[in-house]
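Protein chains in written order, with this note's numbering: chain A, 5 to 328; chain P, 5 to 328; chain Y, 5 to 328; chain B, 5 to 328.
Hints may be right or wrong, so weigh each one.
What the hints assert, rightly or not - List of simulated lysine-lysine pairs, BS3-like, C-alpha gap at most 25 Å:
#1 B:103 with P:103
#2 A:103 with A:115
#3 Y:60 with Y:103
#4 P:103 with A:220
#5 P:220 with A:103
#6 Y:103 with Y:115
#7 B:60 with B:38
#8 B:103 with Y:220
#9 B:115 with B:60
#10 P:38 with P:60
#11 B:103 with B:115
#12 Y:103 with B:38
#13 P:103 with P:115
#14 A:38 with A:60
#15 A:60 with A:115
#16 P:60 with P:103
#17 Y:103 with A:103
#18 Y:38 with Y:60
Bear in mind the hints are in silico, worked out from the structure with no lab data behind them.
Protein chains: 4
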Amino acid sequence: MQLGMIGLGRMGGNIVRRLLGAGHTAVVFDQNPKAVAALVEAGATGADSLEDLVAKLDLPRAAWVMLPAGEITEATVRSLGTLMQADDVIIDGGNSFFKDDLRRAAALRDKGIHYVDVGTSGGVWGLERGYCMMIGGDASAVGRLDPIFATLAPGLGDVPRTPGREGRDPRAEQGYIHAGPSGAGHFVKMVHNGIEYGLMQAYAEGFDILKHAGSKDLPEGQRFDLDIGDIAEVWRRGSVVSSWLLDLTAQALAGDEQLDAFSGFVADSGEGRWTLNAAIEESVPANVLSAALYARFRSREHASFADKLLSAMRKGFGGHVEPT
Amino acid sequence: MQLGMIGLGRMGGNIVRRLLGAGHTAVVFDQNPKAVAALVEAGATGADSLEDLVAKLDLPRAAWVMLPAGEITEATVRSLGTLMQADDVIIDGGNSFFKDDLRRAAALRDKGIHYVDVGTSGGVWGLERGYCMMIGGDASAVGRLDPIFATLAPGLGDVPRTPGREGRDPRAEQGYIHAGPSGAGHFVKMVHNGIEYGLMQAYAEGFDILKHAGSKDLPEGQRFDLDIGDIAEVWRRGSVVSSWLLDLTAQALAGDEQLDAFSGFVADSGEGRWTLNAAIEESVPANVLSAALYARFRSREHASFADKLLSAMRKGFGGHVEPT
Amino acid sequence: MQLGMIGLGRMGGNIVRRLLGAGHTAVVFDQNPKAVAALVEAGATGADSLEDLVAKLDLPRAAWVMLPAGEITEATVRSLGTLMQADDVIIDGGNSFFKDDLRRAAALRDKGIHYVDVGTSGGVWGLERGYCMMIGGDASAVGRLDPIFATLAPGLGDVPRTPGREGRDPRAEQGYIHAGPSGAGHFVKMVHNGIEYGLMQAYAEGFDILKHAGSKDLPEGQRFDLDIGDIAEVWRRGSVVSSWLLDLTAQALAGDEQLDAFSGFVADSGEGRWTLNAAIEESVPANVLSAALYARFRSREHASFADKLLSAMRKGFGGHVEPT
Amino acid sequence: MQLGMIGLGRMGGNIVRRLLGAGHTAVVFDQNPKAVAALVEAGATGADSLEDLVAKLDLPRAAWVMLPAGEITEATVRSLGTLMQADDVIIDGGNSFFKDDLRRAAALRDKGIHYVDVGTSGGVWGLERGYCMMIGGDASAVGRLDPIFATLAPGLGDVPRTPGREGRDPRAEQGYIHAGPSGAGHFVKMVHNGIEYGLMQAYAEGFDILKHAGSKDLPEGQRFDLDIGDIAEVWRRGSVVSSWLLDLTAQALAGDEQLDAFSGFVADSGEGRWTLNAAIEESVPANVLSAALYARFRSREHASFADKLLSAMRKGFGGHVEPT
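Only chain A is shown next, with the shape it has when bound in the complex (with noise of 0.2 Å):
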């Protein structure tokens, strides 16, 4: 089927380029010309404005934008708003919050637009792995868009099928599901980052404790000194704690065991903020995500404010002179 795509960065791009090798067709729009063109040069049709990609699709229209979250989604979700009629779908497959999601859908909802929110997640993986898409919006647009989102699912691979899901939705198993209404499918990709976050502390922790099993701190003939890299990859085959994650940690040691080409800076995007913000909301304790989170502000910070602080009240009681 045909599907309009603004937005061609590498994810954007991508998946344009998997539902054309299936046969599906693309009209695309960029900010950039030569992001335009190098998908017209894979079988796509080149649009050079929003109104331009809005009148070159057929009705009824379904229009994906594949933006950074924030200003520039909103911005261009609210003109497509003005731009399409009754029965069109405009899709978000972006990061965004899961209440500006309910809140668009309301607006777009008063004209009959469709507005279905896709958390995506594979990030550059996606074009060869296909992209596991959580969905939320109306039954009627999350159907009919279906023929997409089978073509961009990663499908059952090689990865064993689940026993017991006789019976159930079978679109889980291929890499995709419909969550629920608008707002579902972000709010699912929310927690699904939050939850990355803590599995990827939760390695870092203990390989952390693993580089510091020789330490000259530890008592002698305590100490080991380990090799991270070959850890890492032991535990791909059989062990408890085998993910993709640690396909990727023994990817990055095997490169380089020190990691010396990382400044220990870790950003983060909403998501994981999000995750807790909905914790808090729902009164659910989440020690390890909210830990996960914090570890990457604190990874940006030098002498924080409130380690001063320590120290200075450490120096009020004499702190600095045991015992204390």
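Mind docking chains P, Y and B on chain A? Use the hints.
Showing chains P, Y and B alone in chain A's frame:
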């Protein structure tokens, strides 16, 4: 080659079966004669005492102790130390504390007996998937036992090879490593389990947030009634959080989405605790691994004293009345 | 000077009493006529409606709203906004969310009405100890109300003066500050409560460790049967951890060392949550304040879903059998 | 009564001065002859060796060791054990690990020598405020030393008495307790310090949030430029979070609100670590106390390996590009 096995529970028994299946031979002993009989039927040589097992092993002997960590392992290793002789190898395949390994290895070294500690992950799945093994001990003993380890390990399987590992120790990608001197195997396995706790808790918190997304405490219009079984399933393919633990989660939720079969009382074995002790000893921050362990502690309490004290303080300053 | 008070619960009523005792006058209103009558007896002028209260106040008016945060405060402030006029002051002394203050202040500013938010600590002890107040609003309104604040504040008392504060705002050591523009008062009070949660949890965990020092799970000869009531008491004098919360702890434990009167179910008001939201918005790590809030969430659950999921995973990999 | 003091640093020296001031006598020794001379001038009897000190003490002797915890304390106690005789008392006033106390007490008990461990809080302020003491040992030895403890303790002072303590051990409100047998004193002091870390971190995080309330990362119109020195001061009177640590915070911020004098590198003594080990041994959740210790560990690292590993994983899955 020949191996003696002491302890024929699920782990020990399956290890012997896997070895026999690959053409190795085994002399086996267990307090429970039925366990011995079952393996004799599978092709092993039975022993009716430690002494008998030692007597039936060829020189230089290799005896694997596969017992619950703690006193019984300690006592068995000590007995073997008196029964065996220079150049023999005692293998502890259980979950011993690495400082116990250091002590035992030193004591046995005086007699010329090798002590090899093997941290083993894979649980009940090992017979089928193979055992991921982290091995500590001197190189000569570990090298001599290589045919055993190579058989027990999962092998390459269908897990893609990690790019960039050319020229590195090939055992790691077969699923076993020689981590270092005695104690190193259990040290690495200890941290493995610490990480395992952290990963599990990250999923647990995330699914808890998903589960509560429909809570009546949330504002109307901001609630989602999510199918967490489908969510676990969809993340298995193409998502960043795919892992073997997620596979298990999807299986559990496919069978019973409410998990009503579980009381919520979560046990812990010693390795999570020892991992934290190691982190503390090394001055490595481990917020996530700690929170994961503490969540288990907390799961086993009702009405904790800490919580009662909070209420008592709140009562003291009138916290039952708003504003505080 | 004259103050109108809306809301004569424990906090509002005691504030009026403290003001009357110092020679101020008050016009008071509450939904409950008995509450009004009680304060009329104490010397206040009663009002039987918001309108009546506003009518009885001299120009420029000052009306203090002391209601549970949330909808009723919101509605009352909105009504006062329609009844009052330029140069009047509306004071919200409850625990409102600071972003609500920002919104209200902006709306009232259009009419020339001042909005002053007062975060108040001290609870039921305020009548006796005085109220610690953190005040937001424009300087003219806050300045005009100074006689009220000076009376309500604890004053220097017998707390030793902080060296080095010469030349700084003298109000702080009297127990009240003008923290900044509207919203700043409740922001500071919010963080105050976040800290309060952290402090309480630190004591709670410490006393829990002391309480379990005699646990049968510990090796014999390493157990202590401690008198935690005496411990709380001894720390009140000369120790680094002395505090008012410790005083309350000592009182509670003097009465009932087992705290059997408490169920262990610990409520939380909104400020702890808002504090975390602020930390997340500011990218400030807040592990301790988060853990303190989550402990309260956890105290209100039995058999959490997160814990059940851990057990389900453990069952999946055979974790009920050792070694894992 | 007479006391021998070994170790005349700030703590030991001040203890002797406080005793002399109250009419007690002291025999003192330190590796540094100047320290001895200073106290001889203050009225003490000097000794030039451990042997000399023991020789100058009346029977039954009481010798207080006030040295940095660790090897030197261990060696000194051992030497005293050979020099002293049945019914003498050795007091360890430092911050020893309680399991070391258990071992030492057992060894000395064989010779009839009493071992008393005294956890002492109050730091450099003790000379003036008195020392809060938590004492372990057998009742006869602790009772015999009561005049010493009563002098060193702060006494009732102007801290209000706790209602409901009538009939309970009067020593607690004087500022010292007999916590239990040998080891109990240091155990209680250990947890005291664990709590201290938690309290400090709660304040540190809260003030960090206040400090960042004006961050440019926040939306305009939602920022506050707060005077955190005034905030610390105002909370000292009438608020729920008033404490001695807050007093110290107010002092530090009065002098230098930016705390530029501090590097942000925060040391820790052993008690925080031991407290966590105890919590883990007792299966008591201690998220706050752990987070407080880990924050100190983290303060001493730049570009931690854990953080680098997070970045390496992020790079692996393309996390540098949004959406993830």
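For each hint, the structure was consulted:
Simply put, residue 103 of chain B and residue 103 of chain P have alpha-carbon atoms about 18 Å apart, close enough for the 25 Å limit, and the pair holds. The straight-line distance between the Cα atoms of residue 103 of chain A and residue 115 of chain A is roughly 19 Å, inside the 25 Å bound, and the hint therefore holds. The straight-line distance between the Cα atoms of residue 60 of chain Y and residue 103 of chain Y is roughly 31 Å, outside the 25 Å bound, and the hint therefore fails. Taken as a hint, the residue 103 of chain P and residue 220 of chain A pair is honoured in the structure, with Cα atoms around 17 Å apart against an allowance of 25 Å.
For a cut-off of 25 Å, the pair hint linking residue 220 of chain P to residue 103 of chain A stands: about 17 Å separates their Cα positions. Between residue 103 of chain Y and residue 115 of chain Y the CA atoms are separated by roughly 19 Å; this keeps the pair inside 25 Å, and the hint holds. Pair hint residue 60 of chain B plus residue 38 of chain B holds up; C-alpha atoms about 19 Å apart against a cutoff of 25 Å. Annotation: proposed proximity of residue 103 of chain B to residue 220 of chain Y holds, straight-line Cα distance about 17 Å (limit 25 Å).
As the CA atoms of residue 115 of chain B and residue 60 of chain B are separated by approximately 21 Å, the hinted pair is consistent with the 25 Å bound. Pair hint residue 38 of chain P plus residue 60 of chain P holds up; C-alpha atoms about 19 Å apart against a cutoff of 25 Å. Using a Cα cut-off of 25 Å, the hinted pair residue 103 of chain B and residue 115 of chain B holds, with the two alpha carbons roughly 19 Å apart. Restraint check for residue 103 of chain Y and residue 38 of chain B: the C-alpha separation of about 62 Å exceeds 25 Å, so the hint is violated.
Straight-line distance between C-alpha atoms of residue 103 of chain P and residue 115 of chain P comes to about 19 Å, which keeps the hinted pair within the 25 Å bound. Pair hint residue 38 of chain A plus residue 60 of chain A holds up; C-alpha atoms about 19 Å apart against a cutoff of 25 Å. A threshold of 25 Å between alpha carbons decides the hint, and for residue 60 of chain A with residue 115 of chain A the separation of about 21 Å falls inside it, so the pair holds. Between residue 60 of chain P and residue 103 of chain P the alpha-carbon distance is near 31 Å, which puts this suggested pair outside the 25 Å criterion.
With a C-alpha separation of about 18 Å, the suggested pair residue 103 of chain Y and residue 103 of chain A falls inside the 25 Å cut-off, and the hint holds. The hinted pair formed by residue 38 of chain Y and residue 60 of chain Y meets the criterion: a straight-line CA distance of about 19 Å does not exceed 25 Å.
The earlier numbered hints that this structure contradicts are 3, 12, 16.
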